[in-house]
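There are 2 protein chains.
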Amino acid sequence: MQSYALTVDKFLDHAAKWWENREIVTAGAHRTGYAGLRARSNRLSGALKALGLHTGDRVATLAWNTQHHLEMYYGTMGAGFVCHTLNPRLAVAHLAAMMNEAEDRVLAVGQGLIDLARELVFHCPSIEAVVLLDGAQVGPRPIWDRQVFAFESLLDTHGAEAEWGAFDENAPAGLCYTSGTTGAPKGVLYTHRSNYLHTLRALQADAIALTAADSILVAVPMFHANGWGFPFAAPAVGAKLVLPGRSTEGAHLAKLIQDEGVTVAAGIQTVWLGLLDHLDQTGQDVPTLERVIIGGAPCPDSLIERMESRLQARVQTSWGMTELSPLGTVAPAQGTVRAIASGQVPMGLDLKLTDASGATLPEQRNVTGHLKVRGHSVVDRYFKAKTDALDAEGYFDTGDLATIDDEGNLTISGRSKDLIKSGGEWINPAEIEAIIGRLPGVGQVAVIGQSDPKWGERPVLVVEPQQNHTLDDAMLLEALCGNVADWWIPDRVIHVSQMPLAPTGKIDKIRLRAEYTS
Amino acid sequence: MQSYALTVDKFLDHAAKWWENREIVTAGAHRTGYAGLRARSNRLSGALKALGLHTGDRVATLAWNTQHHLEMYYGTMGAGFVCHTLNPRLAVAHLAAMMNEAEDRVLAVGQGLIDLARELVFHCPSIEAVVLLDGAQVGPRPIWDRQVFAFESLLDTHGAEAEWGAFDENAPAGLCYTSGTTGAPKGVLYTHRSNYLHTLRALQADAIALTAADSILVAVPMFHANGWGFPFAAPAVGAKLVLPGRSTEGAHLAKLIQDEGVTVAAGIQTVWLGLLDHLDQTGQDVPTLERVIIGGAPCPDSLIERMESRLQARVQTSWGMTELSPLGTVAPAQGTVRAIASGQVPMGLDLKLTDASGATLPEQRNVTGHLKVRGHSVVDRYFKAKTDALDAEGYFDTGDLATIDDEGNLTISGRSKDLIKSGGEWINPAEIEAIIGRLPGVGQVAVIGQSDPKWGERPVLVVEPQQNHTLDDAMLLEALCGNVADWWIPDRVIHVSQMPLAPTGKIDKIRLRAEYTS
Numbered sequence: 354m355q356s357y358a359l360t361v362d363k364f365l366d367h368a369a370k371w372w373e374n375r376e377i378v379t380a381g382a383h384r385t386g387y388a389g390l391r392a393r394s395n396r397l398s399g400a401l402k403a404l405g406l407h408t409g410d411r412v413a414t415l416a417w418n419t420q421h422h423l424e425m426y427y428g429t430m431g432a433g434f435v436c437h438t439l440n441p442r443l444a445v446a447h448l449a450a451m452m453n454e455a456e457d458r459v460l461a462v463g464q465g466l467i468d469l470a471r472e473l474v475f476h477c478p479s480i481e482a483v484v485l486l487d488g489a490q491v492g493p494r495p496i497w498d499r500q501v502f503a504f505e506s507l508l509d510t511h512g513a514e515a516e517w518g519a520f521d522e523n524a525p526a527g528l529c530y531t532s533g534t535t536g537a538p539k540g541v542l543y544t545h546r547s548n549y550l551h552t553l554r555a556l557q558a559d560a561i562a563l564t565a566a567d568s569i570l571v572a573v574p575m576f577h578a579n580g581w582g583f584p585f586a587a588p589a590v591g592a593k594l595v596l597p598g599r600s601t602e603g604a605h606l607a608k609l610i611q612d613e614g615v616t617v618a619a620g621i622q623t624v625w626l627g628l629l630d631h632l633d634q635t636g637q638d639v640p641t642l643e644r645v646i647i648g649g650a651p652c653p654d655s656l657i658e659r660m661e662s663r664l665q666a667r668v669q670t671s672w673g674m675t676e677l678s679p680l681g682t683v684a685p686a687q688g689t690v691r692a693i694a695s696g697q698v699p700m701g702l703d704l705k706l707t708d709a710s711g712a713t714l715p716e717q718r719n720v721t722g723h724l725k726v727r728g729h730s731v732v733d734r735y736f737k738a739k740t741d742a743l744d745a746e747g748y749f750d751t752g753d754l755a756t757i758d759d760e761g762n763l764t765i766s767g768r769s770k771d772l773i774k775s776g777g778e779w780i781n782p783a784e785i786e787a788i789i790g791r792l793p794g795v796g797q798v799a800v801i802g803q804s805d806p807k808w809g810e811r812p813v814l815v816v817e818p819q820q821n822h823t824l825d826d827a828m829l830l831e832a833l834c835g836n837v838a839d840w841w842i843p844d845r846v847i848h849v850s851q852m853p854l855a856p857t858g859k860i861d862k863i864r865l866r867a868e869y870t871s
Numbered sequence: 354m355q356s357y358a359l360t361v362d363k364f365l366d367h368a369a370k371w372w373e374n375r376e377i378v379t380a381g382a383h384r385t386g387y388a389g390l391r392a393r394s395n396r397l398s399g400a401l402k403a404l405g406l407h408t409g410d411r412v413a414t415l416a417w418n419t420q421h422h423l424e425m426y427y428g429t430m431g432a433g434f435v436c437h438t439l440n441p442r443l444a445v446a447h448l449a450a451m452m453n454e455a456e457d458r459v460l461a462v463g464q465g466l467i468d469l470a471r472e473l474v475f476h477c478p479s480i481e482a483v484v485l486l487d488g489a490q491v492g493p494r495p496i497w498d499r500q501v502f503a504f505e506s507l508l509d510t511h512g513a514e515a516e517w518g519a520f521d522e523n524a525p526a527g528l529c530y531t532s533g534t535t536g537a538p539k540g541v542l543y544t545h546r547s548n549y550l551h552t553l554r555a556l557q558a559d560a561i562a563l564t565a566a567d568s569i570l571v572a573v574p575m576f577h578a579n580g581w582g583f584p585f586a587a588p589a590v591g592a593k594l595v596l597p598g599r600s601t602e603g604a605h606l607a608k609l610i611q612d613e614g615v616t617v618a619a620g621i622q623t624v625w626l627g628l629l630d631h632l633d634q635t636g637q638d639v640p641t642l643e644r645v646i647i648g649g650a651p652c653p654d655s656l657i658e659r660m661e662s663r664l665q666a667r668v669q670t671s672w673g674m675t676e677l678s679p680l681g682t683v684a685p686a687q688g689t690v691r692a693i694a695s696g697q698v699p700m701g702l703d704l705k706l707t708d709a710s711g712a713t714l715p716e717q718r719n720v721t722g723h724l725k726v727r728g729h730s731v732v733d734r735y736f737k738a739k740t741d742a743l744d745a746e747g748y749f750d751t752g753d754l755a756t757i758d759d760e761g762n763l764t765i766s767g768r769s770k771d772l773i774k775s776g777g778e779w780i781n782p783a784e785i786e787a788i789i790g791r792l793p794g795v796g797q798v799a800v801i802g803q804s805d806p807k808w809g810e811r812p813v814l815v816v817e818p819q820q821n822h823t824l825d826d827a828m829l830l831e832a833l834c835g836n837v838a839d840w841w842i843p844d845r846v847i848h849v850s851q852m853p854l855a856p857t858g859k860i861d862k863i864r865l866r867a868e869y870t871s
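Taken in sequence, the protein lines are chains A and B. Heads up: the first sequence begins at 354 in the working numbering, then just goes up one per residue. Heads up: the second sequence begins at 354 in the working numbering, then just goes up one per residue.
Hints may be right or wrong, so weigh each one.
Since the list gives no way to pick one copy over another, a pair counts as held whenever it fits inside one copy or between any two copies.
[Unchecked claim] 30 Å max Cα-Cα, derived BS3-like pairs, lysine-lysine:
1. K370 <-> K770
2. K370 <-> K705
3. K737 <-> K859
Since the hints were derived computationally from the structure, they do not count as laboratory data.
Let the hints inform the model, and build the full structure from the sequences given.
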């Protein structure tokens with residue numbers, strides 16, 4: 354059969370040819386069709402070449418969800434450069450470390466991020482040029498001694514038609530760092546092939562199921578793991594693409610959904626809470642909305658029910674990771690199956706549950722195990738790492754603990770590194786946290802291990818009360834009785850006024866352990 | 354990212370793990386789950402190895418749509434053998450030529466096909482063993498001196514677990530011959546990669562859109578171009594698979610749809626005419642049916658309307674070819690877009706229209722051109738051919754004339770080899786045939802070219818009246834006036850009592866030309 358490289362530029366080529374006038378809308382700013390987007394992105398490739406970039410060179414983006422950012426995606430990837438997306442909410446030191454490891458040569462910067470960019474450029478000698486997206490202004494202070502281009506001027510002065518896709522499908526396309534709460538951030542280098550296959554996998558009718566009739570609101574940042582793949586999936590099917598810019602506030606999203614006839618929306622649950630609150634306060638509705646895809650963290654049933662009832666839309670829970678491009682599992686788009694847990698696994702990803710030693714569990718259903726994955730869009734080796742991150746069977750360790758029910762629904766039940774080993778047996782903090790977290794007056798909650806001369810480790814409960822609440826230790830522990838094994842009940846309760854958070858917003862257990870258990 | 358070969362055995366592995374009890378139903382015969390199907394197909398691989406087959410060896414199937422035939426698909430492909438599907442409706446000489454070119458080593462034969470198989474084996478010395486599917490009996494006459502195994506006995510005596518997928522994704526998986534009305538049949542050798550990608554492409558929500566909630570009736574023969582891909586698509590998503598066996602009669606299909614809760618059905622239009630007639634005669638309904646996918650030939654609007662109204666199901670027209678694996682275009686599964694023409698083109702296939710010399714037409718919309726295609730599941734070179742079947746840009750010539758409208762809907766308007774060149778300009782017989790074919794009393798109709806000293810060629814109209822009808826030449830030609838250019842109007846009308854047909858059921862224009870215009 355024909356040789357046909359699976360490269361992501363083909364998605365935009367397809368959209369430009371068949372869905373030339375389907376719109377890409379940036380809130381309060383640009384509006385264009387796929388043909389226009391393709392022409393501009395391609396001219397951007399020419400401009401980047403004119404700046405001296407070569408195949409495989411990395412271009413960093415520090416930007417929100419906008420047309421310019423999308424053009425940076427295709428302008429880099431189409432020409433064989435690597436789009437390195439940066440999360441503006443991370444610390445300067447972390448970002449600079451990523452950029453230096455990536456040896457980024459160009460930095461594209463969105464609105465409101467110039468001061469951060471100035472700091473980063475100071476720490477990153479490899480950056481030769483800065484591109485200002487979305488009308489961002491440098492202001493009176495220059496960005497050190499780097500060349501600075503406004504995006505539109507760069508297109509005007511350096512833009513030129515460029516050849517796209519003239520490379521192997523295994524060429525790198527994107528770079529995204531994980532930013533867990535442990536250790537140094539690790540880079541995942543996506544290839545054209547992995548992104549292409551991820552897109553087709555996600556487009557299945559039982560998964561993300563986008564169509565040309567859809568208008569998709571991408572409320573997940575484009576710097577998070579390929580923007581969950583929507584920058585590829587939308588042009589691949591000719592869906593209208595609605596980009597909210599920086600804000601994901603309820604009022605902003607509600608207006609976008611109403612103005613742009615949004616049918617599918619994707620983002621983490623906090624975003625949808627804001628939308629719900631806004632709709633409740635104003636009495637507005639979002640009648641065009643049909644589906645909401647949520648991910649990032651397990652979603653409580655009560656929130657799913659509130660969303661489905663208030664939005665009159667189907668909620669699709671999902672589970673994914675940067676290392677998975679990112680889609681792992683997702684609840685089906687249609688049918689009578691309720692959104693349970695984090696959904697089921699579409700073709701192209703193999704899951705297995707192992708014990709702590711890595712041995713495959715004899716029974717894979719209704720038991721908790723360490724979740725390992727294998728597939729066409731899964732990392733094998735972190736960027737610039739010396740060894741593969743795979744087991745002997747070629748599986749990647751997600752670091753998650755999970756169960757799978759009889760219908761194949763996955764439930765993430767904790768992180769393996771958070772497990773506490775007491776008397777030779779494992780205690781799963783996540784299960785205790787879930788119970789305590791539901792109690793009245795409890796804000797944030799974390800369970801960490803403290804070393805113990807007799808048992809090896811023992812659990813300690815750390816709680817942050819909600820404002821104006823006092824928590825009673827006995828009441829807290831009482832709630833666990835009968836719900837977890839007796840020996841899982843923490844030995845000690847620590848009250849904190851503010852839980853330490855990592856840059857990602859997750860609780861920083863490393864700091865907790867350092868502060869309270871050593 | 355991880356190396357992950359795109360091989361079709363992964364579809365059945367996926368189904369066996371996640372949809373183990375979803376059924377594969379063969380009308381009046383077997384019923385099993387995907388886990389059972391996987392185990393049996395895998396043991397069949399072991400049996401074929403025990404017969405001495407090696408990687409890449411061809412195994413022919415002469416069979417209907419049954420579980421055994423599906424097991425032959427996976428039993429061969431999973432182990433790296435090639436499944437060569439044969440159309441039992443072709444002439445012995447054609448089939449024997451295909452088998453000899455393929456050097457098939459094993460022939461699997463379904464019910465009612467033993468006599469044909471006996472003839473084929475006589476002509477094909479490479480066949481070493483015959484496998485009897487679905488309880489087929491050899492009868493008192495042996496099959497020459499070949500080994501003969503009943504399918505179940507072969508599994509019992511030679512079945513063994515076998516390793517699947519231990520080869521490159523570009524390894525061959527299937528072989529299917531085109532059987533056009535011109536020239537010798539040509540083989541298309543599908544690879545694992547082309548079949549895998551074809552499956553993902555077809556599964557998009559705007560295309561075939563199968564889900565785990567579906568029950569799919571495959572009324573297209575499994576010997577036609579991968580059975581339109583359903584043997585792969587169904588396990589890939591865990592859909593229930595309903596196989597009708599040999600019969601596609603209306604009463605048989607109606608009962609299957611009712612008994613097995615069929616939601617999606619696929620087949621050529623004649624099959625659905627039989628279903629409609631049966632439902633009208635009996636007053637029955639098929640309430641579970643949601644969609645019908647038709648292909649094989651352009652479908653008249655009146656039939657689409659009758660189907661949608663009587664079946665209360667959405668009709669998806671499509672266009673494809675053996676050389677395309679076979680899906681080319683398809684009308685979307687949902688939404689407000691009406692099924693027009695042959696639908697739109699999902700990602701993964703590029704189309705272009707050229708003139709007769711092969712030059713790309715400057716305007717691609719609303720003009721008729723020669724349709725060329727490029728994609729991951731398109732043939733590059735016919736089996737054992739010495740040269741590629743591609744143009745300089747890597748496109749394959751479909752041999753079809755087509756137009757594409759502003760919405761991207763493809764309409765096939767004829768075959769390029771049927772075109773008649775008169776006075777240096779082209780006449781498209783298909784357009785004349787369409788007009789004449791709608792006249793009362795007209796059965797079959799064909800327009801062919803006759804050489805002419807002045808104009809080069811001139812059109813001749815050949816008609817077969819419906820039973821008990823007489824056709825008036827002047828009336829026939831009058832119907833063309835104003836609907837085609839004056840110089841397109843045929844010079845001569847020939848009445849035949851029976852139009853000569855090729856083995857595929859299409860009108861044999863070669864014979865017509867030989868008989869009436871030379």
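A quick look at each hint next to the structure:
no.	hint	result
1	K370 <-> K770	between (48 Å within a copy, 28 Å between copies)
2	K370 <-> K705	between (41 Å within a copy, 11 Å between copies)
3	K737 <-> K859	within (26 Å within a copy, 60 Å between copies)
Consistency note: the structure conflicts with none of the earlier hints.
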